[in-house]
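K.L.:
Using the sequences plus the hints, can you model the full thing?
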Amino acid sequence: MTADTQPQLNFDCETGNYHTFCPISCVAWLYQKIEDSFFLVIGTKTCGYFLQNAMGVMIFAEPRYAMAELEEGDISAQLNDYEELKRLCSQIKRDRNPSVIVWIGTCTTEIIKMDLEGLAPKLEAELGIPIVVARANGLDYAFTQGEDTVLAAMANRCPSQAPETEEAKADRNAIQKLLTFGRKKEEVQQEASEYVDHPPLVLFGSLPDPVVTNLTLELKKQGIKIDGWLPAKRFTELPVLQEGTYVVGVNPFLSRTATTLMRRRKCKLIGAPFPIGPDGTRAWIEKICSVFGIEPQGLAEREAQIWQGMEDYTQLIRGKSVFFMGDNLLEISLARFLIRCGMTVPEIGIPYMDKRYQGAELALLQKTCQDMGVPLPTIVEKPDNYNQLQRIQALHPDLVITGMAHANPLEARGINTKWSVEFTFAQIHGFTNARDILELVTRPLRRNHALKDLGWEKLVREEATV
Amino acid sequence: MKLAYWMYAGPAHIGTLRIASSFKNVHAIMHAPLGDDYFNVMRSMLERERDFTPVTASIVDRDVLARGSQEKVVDNITRKDLEEHPDLIVLTPTCTSSILQEDLQNFVDRAQLEAKGDVLLADVNHYRVNELQAADRTLQQIVEFYLHKARKKGDLPEGKTEQPSVNIIGISTLGFHNNHDRTELKRLMADLGIQINAIIPDAASVHELKNLPRAWFNLVPYRELGMMTARYLQENFDMPLVDITPMGIVETARCIRRIQQVLNQQGANVDYEPFIDEQTRFISQAAWFSRSIDCQNLTGKKAVVFGDNTHAAAMTKILSREMGIHVVLAGTYCKYDAEWFREQVGEYCDQVLISEDNAEIADAIARLEPAAIFGTQMERHVGKRLDIPCGVIAAPIHIQNFPVGYKPFVGYEGANQIVDLVYNSFTLGMEDHLLEIFGGHDTKEVITKAVSADSDLNWNREAMTELNKVPGFVRGKVKRNTEKFARDRGFNEITLEVMYAAKEAVGA
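Line order of the protein sequences matches chains X and G. Those letters in the first sequence? Residues 0 to 465, per numbering that gives the first Met the number 0, in order. Those letters in the second sequence? Residues 0 to 507, per numbering that gives the first Met the number 0, in order.
Hints in this document: simulated from the structure, not taken from any laboratory. In this text, a Cβ means the ideal position worked out from N, Cα and C, and glycines have one as well. No false leads were slipped in.
The calculated lysine-lysine pairs, modelled on BS3-like cross-linking and capped at a C-alpha distance of 30 Å, are:
| id | chain 1 | residue 1 | chain 2 | residue 2 |
| --- | --- | --- | --- | --- |
| 1 | G | Lys334 | G | Lys1 |
| 2 | X | Lys112 | G | Lys1 |
| 3 | X | Lys219 | G | Lys478 |
Some chain G residues flagged as far from chain X (calculated, every beta-carbon gap over 12 Å):
| id | residue |
| --- | --- |
| 4 | Leu112 |
| 5 | Ser204 |
| 6 | Asp276 |
| 7 | Trp287 |
| 8 | Gln350 |
| 9 | Glu359 |
P.N.:
Below, the structure written as structure tokens:
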């Protein structure tokens, strides 16, 4: 069969009324990831109440996160933006002394056309503290894309060459060393001898530290050395980006960052499927290996072994169907993995589809469907949630992966759900964590199995309209 | 610009949506960018709601920003009208979209031409009022809209109900223990022989609103929500208003006495004194608690109270008058209604604090070192840091404020619940101190440590660091599983690779 006669993926764009979390959500995980940062969200009460109430971050994040709440005077331009931001940032610098202040622009700063990018360099010079501007607004972006805007902004701050030798750096950090006395060095020790000689490689995407270690080890097994991560644990440790540095993403929602790295920093992007699921992780590593001309070692065995270890879970979902309403842009990767597990996917809703950045992932999805002999899913960009509910009612899928607003009502109508947001926050990347994805996916099925004899499937009175 | 870490009251549109989605068969359309529609998540998750939240966001994106909404909002209203046939569609912007200065009233007028149901624009200034004020205003707006409509159609029912009856105004979705208070107030009214004419907005139909004037009086249990409606009904329909929150034994009695007065002025002849006496002295446990030896031990203990006007004022009075607890500070975040609060609590506390700044309250608590705090989730958090117990008595709401069991704050059962809350807050505090003195009695942790010290396996530095990143509550399990795996395979040293291999093998 030639490529032309193969069934093609069906793309649809409903441009409907859909729900995702606001892109400023990224503050919730980025402030934890970048330990010396301070995030200042410049927006309204609506933004602040979201982070406080829906995300529940405010109370715990207090030391390194705050709202610059816009008031009537700011909106009507009676107040001077520069002076106002200077007042707030001076206070933050005095009270918290972070290495960087990240300004998160919102819909409101877009609408009142507040010139954050113009103000930041001036204030940065005056206060002597780096200010990074990210426009994580809901007019242009959905949920996880907030991280994309921050990383794209940070990509411009990465040094273009190693500033000084390691010794000099160690010397300068003598005081810091004293302060962190007793704290062991956490990064995996990278001995030069264990690695193949290859051009520098930088990974982009914010992952929890254990996952970073995990992926670092997987690549180390192939003799590949990671020269840095965007973001690093500290703003002061951003990776060096030179012309020709190879970059590869770990998450499907980072298309702007990828573009910035290629166009502004002249990096070479490795377009690979994403390291989600054993199939995706293998394909991701293989792609990186192939770029560096390395023959991958033991990957097939490794993948087989992971599948073997998950057999008890895959048994539960084989032959079942899963419907993605669309929320966090991880949908294509997750669908591809679940199809490989033996599931069918009638529809993948997704807030935004970058067919170029996700190209390798889409190709793998298509191939996976062929391998497994299942129909190709319809990919619906910007879906209309109301229409989706009608389709769910008609299809009655075994599982719906959905945002938090629809989960309880669907459960009440006897439809199994899993919160999409859990996949955003859980550690799902790499070989080792693949089982954790299935742990999440199978939970509603296992729960229902545990309760199956009770006969409590429908907990609403009439056939309620959706 | 204001540096803010915490908000006690939400933005205005949340108030409007709370009212709209409380009514039966009313739909709200938000004119808002993606992400501003988290109200649906809050309602679905916090209220554990079985039905889809009747709120749809008409998305404002870059396109709308560039060209204006054009037909989008109107289309979304008429579409929803066809899909769900709501009685009423309420249109609201958010802080963000309100500055676009689109003529939303025009959208509403145009949609009304086609829609079978009613269409209304929530009339709220998103930068001047908060959630509570907006909820109060939207409820009044909807009530006025339907009474006006009925009057125009000559549809207003005449006269009062035969039996004494009440409208309970202000019970709403996402309110602090509102669902339980609703049940308790219904019980109380039944005990008093008063018919419920209407409860609004929770589960009410807008078609019933025209019957509101038939009630003998309006009861507004919460000062934050319902006062505007009740005043409107008072001015336009001459309906008496009872605005005493029946929270605590003393105030519940005062509320009932006021109801008695209002009813008897209209020709009823009721005497609730025997009921109040019976409840207070023999049925309710709260009055007895006040006289019990347990409560004696609370005498003179210092407490800080902070919350919305209704709950903070009521709590201050209960602690001070009914339990002999020394309220060193009573505060509210309802700045817009500060005078009332001062007047209410002035004589029951040492100082009054009116503030929306959580740090100001936290500092005051740290300075005053009370034995207990009765506040919001924020003060609970402050209390944790300072090691002071805190009972949560007011919004902002949290999943913990939607208990499945029956936990009202108003009426006689509410008084019992408050006693439990107060007593448990203080005793737990005391227990903490005892534990500190005697070094605790839970030695499990120590045993685990002894066992792992005997371990013959050596964890290398990276693996140890990795292990320490595992959350505390499963760390022991991960450690045991990894060591078991290492022993089985004959590894002497545990490296990162061994750790991950173990994880893959065990599947944990």
